[in-house]
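Here is how the chains run, residue by residue.
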Amino acid sequence: MALFGFLKRTRSRKEPAGRNGEGDRGILVFENTSEVIQAENLLKGEGWEIRVMGPPPEIRQGCDLVIEFPLMEELDILRILEAEGLTPLGVVPVTSPLLQPVDIFHVKDFGRYFMVRAANMKLTLDKETGVIVNVSGGGCPDVPYLAASMVGQTLADAPRPRDIGHTLCGYALQLAYEEVERLCSV
Amino acid sequence: MLCVVGTVPSDDFPLVEGEVGLNGDLLRIGTSTIAVHRGTPALLAAAVKSAEALGRPSPFAYLVGDTGTGKGSRKLYAHLTEALPRTSFQTIAFHYLQPIIHWHKRLQAAVGTLKDRPKLIADAGFMYAAKMSGEASLYDLFTPDVGELAFLADEEAPHPFYTRGFILHEDNRVPDLIARAYKHRNAARYLLVKGERDCLADASGILETVDSPVEEALEAIGGTGDTLTGIVSVLIDAQMHMREAAVAAMRINRLAGWHARPTPATQIGEIIGYIPQAFRDVLDG
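Protein chains in written order, with the numbering used here: chain R, 2 to 187; chain A, 946 to 1230.
Treat the hints as calculated values from the structure; they're not laboratory data.
Please note: incorrect hints may appear among the correct ones.
[Stated by the list, open to error] Just so you have them, the derived chain R footprint on chain A, three or more residues with Cβ under 8 Å:
| hint | region |
| --- | --- |
| 1 | 989 to 1002 |
| 2 | 1041 to 1048 |
| 3 | 1090 to 1101 |
| 4 | 1144 to 1155 |
[As the list claims (entries may be wrong)] What follows is a list of derived Cβ distance ranges for each label pair:
| hint | chain 1 | residue 1 | chain 2 | residue 2 | range |
| --- | --- | --- | --- | --- | --- |
| 5 | A | Pro1158 | R | Ala84 | 56 to 64 Å |
| 6 | R | Val108 | A | Arg1142 | 15 to 23 Å |
| 7 | R | Gln101 | A | Gly969 | 29 to 37 Å |
| 8 | A | Glu1027 | R | Glu85 | 36 to 44 Å |
| 9 | R | Gly46 | A | Glu997 | 49 to 57 Å |
| 10 | A | Leu971 | R | Arg183 | 50 to 58 Å |
Think of the CB as a built atom: it goes at the ideal place given N, C-alpha and C, for glycine as much as any other residue.
Isolated chain A, as found in the complex:
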């Protein structure tokens, strides 16, 4: 089963755990409901749609409210260090959490106690924490955009905010950034880089590239990276090989965006509605 760990942008939202469902535009977990906007809710909505398309169980989630103070994230980190050793998830996707180095290390120690190590995916703040901690290589997949790839490539930057200019300017040289991230051990086993051309890479370089259909407006739309992470997480949990899963996810995410006929003002919820159609396009070949 896929487990998703992340936050909801509300200070009042309690720490909850359970299977996630989707009722129209609202995510449901236990008795709580969440509007589908960018961030972990978008990842989860995309994952629910993907699981439905594949006939897989809905994802399980650990969620907490956090508007950036880190209070909710700390509560969730503490809960997970207790709870994870008793679980048997096949795949865990860590998402929007306050990047806190010592909590990341404690969480990795908890994961290390599991008899069968799950596939580990990290995106957003948790990916930052994994890199800051020097433990990036413990992960199976990171899903950075090109700006975040530059951060992974900068061995001195503790956060994308401090990525040095000479590295940030290399956004047309994705292969060089990938090589530099691996050289300094700041990359997961695989990198799925989101951009004008999406690509999957490992330490040997770029393995796969998907660059169509092209919708330039998607870059401006908050949440398109979250949906890609949600889709690829479900495919990996369905035991697809990483290369197949990544290529399918990149194509499905782009097709969902293309079907939505987006402008820079399109909201992510509109694109998520087209994920089932995009799955059919890709699976039916």
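Chain R extracted, bound-state conformation:
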């Protein structure tokens, strides 16, 4: 309820440009992280310049993500989302710096295996077979589910965390997965 109140207040006010000149950016707020991930897939697939970010403190509930987008493109973006049944809870202008998702990767070589860590999530691959042998770290409830779904599968056959995950831990695992893919293709 507090979230809806905040959105209503924010939308009815003409916000000035933010401290960092970010008045031309807005954020799309969704019911849950799964919808954010679906919307990100859809909008990036259509070539939109968007970023997944952390929400401002006023609307933070817990395990949250939002999509930052060019505010001038609001109508087009909403039309695309609504056509796919992904109507956001609201649209908020960006008035202060948003939290940046982690973008630091640590790679550990175990000889036959290597492990990539992104934020709190780690993915380990068998270099000889291409099989995912372990998923560790994380604390959200989709992590054991993702581990059960991915471990024992090759990188090519395993479901992507982006497709079956729901939380920030799932999103971090997706980043580790993409880094493993990148390292395997080098």
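For this one, chain R is given, so just place chain A on it according to the hints.
Leaving out everything else, chain A in the frame of chain R:
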């Protein structure tokens, strides 16, 4: 008695409560069975093995299925706010739950009604919720790994995913991260930090460190942190002092891993099988 609260990675798994047993590789609670993989099932399996080793009763658990949508977690939060005020657990370990700030606050309010406050342990998603809520200091023990410690140390991060880079890079400076977590009141009374060197700390700094035996592969194995939380929870529930319990748990968890001769492909179930032997190693001195 020890109570464990957590989730099982299946949307079909109902909300259940009761004493937990272990039949071979399957956990049993009421008429439900659960495969022992990483997450709360690994914590529970380690706790059952530890309780057997000490001749203690099996842990009691509240479990629900949740694959990350948060639906199961919300159901469990709601149930616990009703059920906990009627319980008398000595120790409660909260584990894999969707971190939701307002539910965390309601659950703490329910715990606050108990005449005898239990020892409170938080790990995984529930530890994130405790920090996000600004109520970390209500807990007796958090069990973060080094990445999660960086999250606790970052007063602005609502989730490890947003830990700022300059803090995340400090993974060789555990004492600084611990100090920063306490400075901003984002730590429990004690922190058991899991890593290359496991350590127990409080607001005064590192109290105990255990760094042997060394098995580098354990870092890659999902569930080794869960088993450590399960072991230390049982020891605390057995009335051991925090320092003794933490040192014993760190040694037992490392020894169980060492006995398993792990590679990065080893699964947590293989290590749990060695917990009784590791208990004997530590208790027999």
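Results of checking the hints against the structure:
1. 989 to 1002: violated (count 0)
2. 1041 to 1048: Three-residue rule met by the region 1041 to 1048 of chain A, so holds; n is 7.
3. 1090 to 1101: That given contact holds, which follows from 5 residues of the region 1090 to 1101 of chain A lying within Cβ reach (below 8 Å) of chain R.
4. 1144 to 1155: violated (count 0)
5. Pro1158/A - Ala84/R: 56 to 64 Å: Cβ of Pro1158/A to Cβ of Ala84/R: about 58 Å, so the range 56 to 64 Å holds.
6. Val108/R - Arg1142/A: 15 to 23 Å: With a Cβ separation near 21 Å, Val108/R and Arg1142/A satisfy 15 to 23 Å, so the hint holds.
7. Gln101/R - Gly969/A: 29 to 37 Å: With a Cβ separation near 46 Å, Gln101/R and Gly969/A fall outside 29 to 37 Å, so the hint is violated.
8. Glu1027/A - Glu85/R: 36 to 44 Å: Since Glu1027/A and Glu85/R have Cβ atoms about 38 Å apart, the given range 36 to 44 Å holds.
9. Gly46/R - Glu997/A: 49 to 57 Å: Holds, since Gly46/R and Glu997/A (Cβ atoms, about 53 Å apart) stay within the stated range.
10. Leu971/A - Arg183/R: 50 to 58 Å: 39 Å, violated
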